[in-house]
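There are 2 protein chains.
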Amino acid sequence: MCQDGYAVVSSDGVGKFEVAFEALAGSAPGKLQPGTVAYIGTGGALPEGADAVVQIENTDTLPPGPDGKKRVRINKAARGPGDDVRAVGSDIRAGAVVLQAGGLVGAAEVGLLATVGATSVQVHQTPHMAVLSTGDEVVEPTTKTLGPGQIRDANRAMLLAAARGTGAQVTDLGIARDTVGQLEACLERAIQAKVDVLITTGGVSMGARDFVKLLLERHATVHFGKVKMKPGKPLTFAILDTPGSAGRPSRCMLVFGLPGNPVSSMVTFNLTVLPAIQRLAGWKEPGLRRVHARTSAAIRLDPERPEYHRVTLHWARPAGAPEGQVGGELVAVGTGGQISSRLLSMRSANALLELPAVEKTLPAGSVVSALLISDLSGMPVPETPASTISAS
Amino acid sequence: MCQDGYAVVSSDGVGKFEVAFEALAGSAPGKLQPGTVAYIGTGGALPEGADAVVQIENTDTLPPGPDGKKRVRINKAARGPGDDVRAVGSDIRAGAVVLQAGGLVGAAEVGLLATVGATSVQVHQTPHMAVLSTGDEVVEPTTKTLGPGQIRDANRAMLLAAARGTGAQVTDLGIARDTVGQLEACLERAIQAKVDVLITTGGVSMGARDFVKLLLERHATVHFGKVKMKPGKPLTFAILDTPGSAGRPSRCMLVFGLPGNPVSSMVTFNLTVLPAIQRLAGWKEPGLRRVHARTSAAIRLDPERPEYHRVTLHWARPAGAPEGQVGGELVAVGTGGQISSRLLSMRSANALLELPAVEKTLPAGSVVSALLISDLSGMPVPETPASTISAS
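Taken in sequence, the protein lines are chains Y and Z. Per the numbering used here, residue 1 is the first one in the first sequence, and the count goes up by one each step. Per the numbering used here, residue 1 is the first one in the second sequence, and the count goes up by one each step.
The set of hints was computed from the structure by calculation and includes no laboratory data. Careful: at least some of the hints might be erroneous.
[Unchecked claim] Looking from chain Z toward chain Y, a few residues come up when the C-beta cut is under 10 Å (computed):
{"#": "1", "residue": "45"}
{"#": "2", "residue": "136"}
{"#": "3", "residue": "142"}
{"#": "4", "residue": "154"}
{"#": "5", "residue": "155"}
{"#": "6", "residue": "157"}
{"#": "7", "residue": "165"}
{"#": "8", "residue": "234"}
{"#": "9", "residue": "261"}
{"#": "10", "residue": "342"}
{"#": "11", "residue": "348"}
[Claimed, not checked] Below, simulated BS3-like cross-link-like pairs (lysine-lysine); rule was C-alpha separation at most 27 Å, straight line:
{"#": "12", "chain 1": "Z", "residue 1": "226", "chain 2": "Y", "residue 2": "70"}
{"#": "13", "chain 1": "Y", "residue 1": "31", "chain 2": "Y", "residue 2": "69"}
{"#": "14", "chain 1": "Z", "residue 1": "76", "chain 2": "Y", "residue 2": "226"}
{"#": "15", "chain 1": "Z", "residue 1": "76", "chain 2": "Y", "residue 2": "360"}
{"#": "16", "chain 1": "Z", "residue 1": "76", "chain 2": "Y", "residue 2": "228"}
{"#": "17", "chain 1": "Y", "residue 1": "16", "chain 2": "Y", "residue 2": "70"}
{"#": "18", "chain 1": "Z", "residue 1": "226", "chain 2": "Z", "residue 2": "360"}
{"#": "19", "chain 1": "Y", "residue 1": "76", "chain 2": "Z", "residue 2": "228"}
{"#": "20", "chain 1": "Z", "residue 1": "76", "chain 2": "Y", "residue 2": "230"}
{"#": "21", "chain 1": "Y", "residue 1": "76", "chain 2": "Z", "residue 2": "230"}
{"#": "22", "chain 1": "Z", "residue 1": "70", "chain 2": "Z", "residue 2": "16"}
[As the list claims (entries may be wrong)] Here are some chain Z residues the structure puts well away from chain Y; computed CB gaps all over 10 Å:
{"#": "23", "residue": "74"}
{"#": "24", "residue": "172"}
{"#": "25", "residue": "192"}
{"#": "26", "residue": "225"}
Idealized CB from N, CA, C, for every residue including glycine.
Extracted from the complex, chain Y is given alone in its bound form:
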């Protein structure tokens, strides 16, 4: 493998040479005699007898000789044997492991697999996720005018989009009214559809009419039904085992009963559903990535519950650093009021600050941990200069 140019005997140096033949990519190579050169295309195999390549920029084409043969002037000699030649195996050695199990197969990995001819590889099955909204007050987003106490169903479209974003197969179970009958029918549909993860929203608070909790207590094993966190206190998790029967293997469905408040449901989705999906999809290290960020404003902490505070992270020069210095410090900017129905606080949020339950106000400039909930590679970045490294 080599660059476009002329295959040469490196000891021949500069001068005028006859172009003996063309060594083209995909064709078998010829044999080169000293004192002559061979045209060679990118990817062409080095002809026998040649030991280096001179790039085309370092040559000039000459008029053909009296015998009609092509001729070329080499202006800059090869530095020695092997110049501009890539040895077979310099990319990937025979027998080398090109990918480890448990990694994501992205574009570069697809290319690697194609290179080594691995056109069929074992991957984890795509998890199947279903989303169900519940509540008598919840109406379709298409509803023009809301009746008293009614709210449009933000959760379902949002969680369906988030679920699709994980690569999962997704089923929309609609809105169930607050009756045990409707909920049981939806649960049965999820079982029939062989759903791996069922997400419900609403119906998990402590109220007498919180039917999702009642349903799960009746049909599944509830592992927790209340979490000391803000938002997301009513978060409920259950596992429903479907016994096998003739022709139907036993299955297990994870059920996340997310709170009805849209922000609570989105935060708890990121903190609990996403890692579960990643685990089912075979990720070696599921879960949100933790970074550290400096706060840009004072934050009053909740004395009773640890809070997941929605912020937008930006890159910034560390405070006090000299003008020319650039560094990777992250600054957390709040996304507005944090009450749990305020979906505006999720807009453009790319991280959740992990704030402890302490009776105090956290001053601006504090460094706190943050969990990434969105792709930072698309986040806003203030104009920063590219590298200008002096030749000192």
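Given chain Y's structure and the hints, the job is docking chain Z onto it.
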């Protein structure tokens, strides 16, 4: 809107109260008399007469009174009017702008749109991208045994995956042999398919048989055909205008002639094709995000061409910082040999260091700019502690 609990007249304080009625989510509220309370579910509307809510945790259910009416003990009084009540409009004010044009519509944004009943919004059309590999030496990845000089087509599968990752509609144009006829046929297929962006690989070096360059010079306007960068020197960009005719509007197709080396094609895809796709898809700020990172090893710079050096970024505590301090400094770890055919150097790379063309070796610990080419939220993170802010 309020939490599960009892709607009260806040001045009534603690004590035993009759539960006058239930104010359920989705039903019209009743009217509350002082000295009584009303059960209220999450999302229920505050009854007339009530001015606060006491959460269910701060109450005890009592045996019914002699009249058979439900009774409850309030153990912790509301702090005053408005306690645990969310005013109408506290989430989104009437007339407020919830989203600006030019942003990505992610899950949270879908939820916001559903909340305000915006079930139909204008979005940019998905760009249509086609991928074509070229070269007599290039064979399908399914080829078991390679002939002399043959290589399996890594580029096409890789670029198709990368193109799909941008959300674009994708067409696979296969492999074209090094003949003008085959290339012209493929170009015509792309025009017929109304492709917005055509990506080719190979055939753009300086060689006499670099047919893609010849093809583009004949049929399109070549804007550049060589770039001073490493890898990616042969990168070629052209625009092909298809004149309108009866029943067919004029169209414009962007053509990126990427180099045939897999790493060169992947790097130039990220640096040039991706921002073009983002622009076509309506991104307000297309392009890779620039961060700054500290190098973990010495890097020998190329004296002639600026280099895009493939690295994996990790988070690390800044060097010299005390043990307890955590910060967002990024450390760049090389992904192995950087020669342009070595696809292993792309595996797990999430950034490209921007290295200037200078005759020097960059010492380990230098801070250089880096362009993000992958989602950092999935990148490896060393175990870092969550926030533990003392109550000082």
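**Asked** Within a Cα-Cα threshold of 27 Å, do residue 76 of chain Z and residue 360 of chain Y meet the stated pairing?
**Response** holds, 22 Å
**Least C-beta distance from residue 74 of chain Z to chain Y larger than 10 Å** = holds, 15 Å
**Message:** Just to be careful, I want the Cα atoms of residue 76 of chain Y and residue 228 of chain Z compared with a cutoff of 27 Å; is the pair within it?
**Reply:** Roughly 20 Å separates the two Cα atoms, so the pair holds.
**Closest C-beta approach of residue 155 of chain Z to chain Y relative to 10 Å, hint status** = holds, 7 Å
**Agreement of hint residue 45 of chain Z with chain Y interface, Cβ distance less than 10 Å** = Residue 45 of chain Z check passes; min Cβ-Cβ to chain Y is 4 Å, inside 10 Å.
**Message:** For the restraint on residue 142 of chain Z, tell me whether the closest CB of chain Y is nearer than 10 Å.
**Reply:** Holds. Min distance 5 Å.
**Prompt:** Has the given pair, residue 76 of chain Z with residue 228 of chain Y, been kept, meaning a C-alpha gap of at most 27 Å?
**Reply:** holds, 20 Å
**Restraint status (C-alpha distance of residue 76 of chain Z to residue 230 of chain Y at most 27 Å)** = Holds. Residue 76 of chain Z to residue 230 of chain Y sits at ~21 Å (cutoff 27 Å).
**Item:** Hinted pair residue 76 of chain Y and residue 230 of chain Z, Cα distance within 27 Å
**Value:** holds, 21 Å
**Request:** Would you assess whether residue 172 of chain Z, listed as outside the interface, keeps its beta-carbon beyond 10 Å of every beta-carbon in chain Y?
**Result:** holds, 13 Å
**Asked** Per the stated criterion, does the least C-beta distance between residue 192 of chain Z and chain Y lie above 10 Å, as a non-interface residue requires?
**Response** holds, 26 Å
**Request:** Starting from residue 16 of chain Y, check that the Cα of residue 70 of chain Y is at most 27 Å away, please.
**Result:** holds, 11 Å
Hint compliance for this structure: every hint is met.
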